[in-house]
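A.B. asks: Okay, here's what each chain looks like letter by letter:
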Amino acid sequence: MRLLLPAPMVVPLLFAAFAVLAHRSRNAQRALAVAGVSVALAAAIAILVVVNRDGPQAVTIGGWPAIIGITLVADLFSALMLVISLVTVLAVLVFAVGQRHSDQQMAFHPAYLVLTAGVSLAFVTGDLFNLFVSFEVLLAASYVLITLGGARDQVRHGMTYVVINMIASALFLTAIAFVYAAVGTVNMADLAEKLGTLPDEFRTALALLFVVVFGIKAAVFPVFSWLPDSYPTARAPVVAVFAGLLTKVGVYCLVRSQTLLFPGAVPGWLLLTLAGLTMIVGVLGAIAQNDMKRILSFHIVSQIGYMIIGLGLFTVSGLAGTVFFIVHQIPVKTSLFLVSGLVEESAGSTALDRIGGLLRRAPVAAALFGLAALSLAGIPPFSGFVGKLSLVEAGFGAGEYTIVAVSLVGSILTLFSMAKIWNGAFWGTAERPTPAIAGTTVKLRTPMLMTAATAGLVAVTLAIALFAGPIYDLSHRAAEGLIDPSAYVQAVLSS
Amino acid sequence: MTVFTAALVAILYGAGVYMILQRTLTKVVLGLALLSHGANLLLLIVGGSAGLAPIIGHFTGDDTVADPIPQALVLTAIVISFGMTVFLLALAYRSWQLTRDDSVEDDAEDRRIARQLAHRRSEGRR
Numbered sequence: 003m004r005l006l007l008p009a010p011m012v013v014p015l016l017f018a019a020f021a022v023l024a025h026r027s028r029n030a031q032r033a034l035a036v037a038g039v040s041v042a043l044a045a046a047i048a049i050l051v052v053v054n055r056d057g058p059q060a061v062t063i064g065g066w067p068a069i070i071g072i073t074l075v076a077d078l079f080s081a082l083m084l085v086i087s088l089v090t091v092l093a094v095l096v097f098a099v100g101q102r103h104s105d106q107q108m109a110f111h112p113a114y115l116v117l118t119a120g121v122s123l124a125f126v127t128g129d130l131f132n133l134f135v136s137f138e139v140l141l142a143a144s145y146v147l148i149t150l151g152g153a154r155d156q157v158r159h160g161m162t163y164v165v166i167n168m169i170a171s172a173l174f175l176t177a178i179a180f181v182y183a184a185v186g187t188v189n190m191a192d193l194a195e196k197l198g199t200l201p202d203e204f205r206t207a208l209a210l211l212f213v214v215v216f217g218i219k220a221a222v223f224p225v226f227s228w229l230p231d232s233y234p235t236a237r238a239p240v241v242a243v244f245a246g247l248l249t250k251v252g253v254y255c256l257v258r259s260q261t262l263l264f265p266g267a268v269p270g271w272l273l274l275t276l277a278g279l280t281m282i283v284g285v286l287g288a289i290a291q292n293d294m295k296r297i298l299s300f301h302i303v304s305q306i307g308y309m310i311i312g313l314g315l316f317t318v319s320g321l322a323g324t325v326f327f328i329v330h331q332i333p334v335k336t337s338l339f340l341v342s343g344l345v346e347e348s349a350g351s352t353a354l355d356r357i358g359g360l361l362r363r364a365p366v367a368a369a370l371f372g373l374a375a376l377s378l379a380g381i382p383p384f385s386g387f388v389g390k391l392s393l394v395e396a397g398f399g400a401g402e403y404t405i406v407a408v409s410l411v412g413s414i415l416t417l418f419s420m421a422k423i424w425n426g427a428f429w430g431t432a433e434r435p436t437p438a439i440a441g442t443t444v445k446l447r448t449p450m451l452m453t454a455a456t457a458g459l460v461a462v463t464l465a466i467a468l469f470a471g472p473i474y475d476l477s478h479r480a481a482e483g484l485i486d487p488s489a490y491v492q493a494v495l496s497s
Numbered sequence: 005m006t007v008f009t010a011a012l013v014a015i016l017y018g019a020g021v022y023m024i025l026q027r028t029l030t031k032v033v034l035g036l037a038l039l040s041h042g043a044n045l046l047l048l049i050v051g052g053s054a055g056l057a058p059i060i061g062h063f064t065g066d067d068t069v070a071d072p073i074p075q076a077l078v079l080t081a082i083v084i085s086f087g088m089t090v091f092l093l094a095l096a097y098r099s100w101q102l103t104r105d106d107s108v109e110d111d112a113e114d115r116r117i118a119r120q121l122a123h124r125r126s127e128g129r130r
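Residue numbers (our numbering), protein chains in the order written: chain A, 3 to 497; chain B, 5 to 130.
If you are wondering where the hints come from, they were derived from the structure by calculation, not from laboratory data. All C-beta atoms in this analysis are idealised placements derived from N, C-alpha and C, irrespective of residue type, glycine included. You may find that some hints are simply not true.
[As the list claims (entries may be wrong)] Beta-carbon label-pair distances, calculated as ranges: (1) A:L286 with B:S107: 26 to 36 Å; (2) A:S227 with B:S107: 11 to 21 Å; (3) A:S40 with B:Q101: 38 to 48 Å; (4) B:F91 with A:I485: 34 to 44 Å; (5) B:V90 with A:G64: 50 to 60 Å.
[What the hints assert, rightly or not] Only part of the chain A face toward chain B is listed, based on derived beta-carbon distances under 7 Å: (6) V164; (7) A172; (8) A179; (9) A183.
[Said to hold, decoys possible] In silico SDA-like pairs for lysine to any residue, Cα to Cα no more than 20 Å straight-line: (10) B:K31 with A:I381; (11) A:K422 with A:R363; (12) A:K196 with B:V50; (13) B:K31 with B:Q101; (14) A:K196 with A:Y403; (15) A:K196 with B:D71; (16) B:K31 with B:Y97; (17) A:K196 with B:Y97; (18) A:K422 with A:A209; (19) A:K422 with A:I485; (20) A:K196 with B:I73; (21) B:K31 with A:T162; (22) A:K196 with A:R363; (23) A:K196 with A:A209; (24) A:K422 with A:G401; (25) A:K422 with A:N292; (26) B:K31 with B:I73; (27) A:K422 with A:T404.
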């Protein structure tokens, strides 16, 4: 464990350094990036196996005892997140390599590896300040990736992204300062024991501050509008990995902070209201859009709402639904953005009135989109159906009928806007065609590797649906660990 | 002393937020710098009162010793906010290079909706 647990974070960082040194050769950088992410993924799978067998594992860094030093800790929830994230990161990396022109800048591969390291660290850290650092690591890399190329649109929209995240970081630091002032520690297991002794009002105030901080990162209503503004201008692989991972890191931290640090401090009705509004406002925003990437960006927001439901219910089955939903959502969302990358590559645009009839000319992309979109909308037997079913069941179990109704309405609207993309991009003809569309009837060609990477990720979502039983069992046990974190705390304090 | 620093933190937060709400990019950058200074200073003062350097052998049992953890945290936070501010300045410079303008642009969708509304209003008048 001593070597295994830091590996998903240390290996990509190390390979990022090598990739900077190898900046003259793009092929060397590609090999280094793929190798780094693959090793991290192998380590993550090993961690999942060990945690599944022996319970939560903790390691202290630099030999300092827990509480004074930084602790890395993995329970089932972190291990699941780690594995599915790194699978997605690898698929997007292969896509970017296949696309050729998206990794032409020498900064792409190093920044991508640093982003991977930051995401991994956020999932395994057991220290609140270290969590802040991991956020800064992944944000710094994401700032570089979103503005890579420095075109006018990218700089303008990247600016929004950077500014909003810097404000969230300042608030995060403020929250950490208040926590330290109140109990004098930043170790999360130690905090779990000590924060309970605070007066209730003060605990709720601190918990709400964390909800705001992680709510901004996760794009929860009403602090979501930065996301559809800044994501669509980035390049396809970049926006795919952001869409899949970054908001989910926010949701992970929201769940972790509200279950481990402040259980029951924020009233459930408040979280459920936020969840319902996030779902509905997100999906309504999507319906009003006319560009594939913008529609999908609003759907990121909408789907975040479903993840918050389980947290608002605060039951084992609710949180199990949340965990399963995040695991399903990461590859599905990413593969939808990868398909939009395929469409952009072959048809030259993602504006729905400029493309059309791609079903005949890019049938593979159409098939991949269809599978991922049905999964997103929650049509049986796809993985989204299992995720939504478990959340709906948990909602009925807790007697929260309103949120169940709202989530079902959200699903129907999701299906509607997926149908809009299907009609606009794959059926019919283009109203104002791009040069790639106009006057051709031949099949549009995209590099094999891009299609293969997208197909691989869609296959992962299908595998989640196929193995829904075992994965739901894992999610259920992860949720039990979230509701009763004594094993987590024990693992840290005895390490 | 703590009251004074606490007031200073409040002023930094207030001024920072005010500057972030401006439309000029440079002011936004300065506002973010002030805000992160405020957060760093807050992190420093939660460590409690000042005291001797916490080096073993440097103090006896009844001396007051400064809490080293917030200092370690704030050092990290200062480096991070410094790096981010520099990046943001570079981005603001790039934006000025491209547009020769220092103001934050409107969202493309917002402008489209505003145009449609104006169009509809002028239609209605006719």
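A.B. asks: If you test the structure against every hint from before, which numbers come out violated?
C.D. replies: 5, 10, 14, 17, 18, 19, 22, 24, 26, 27
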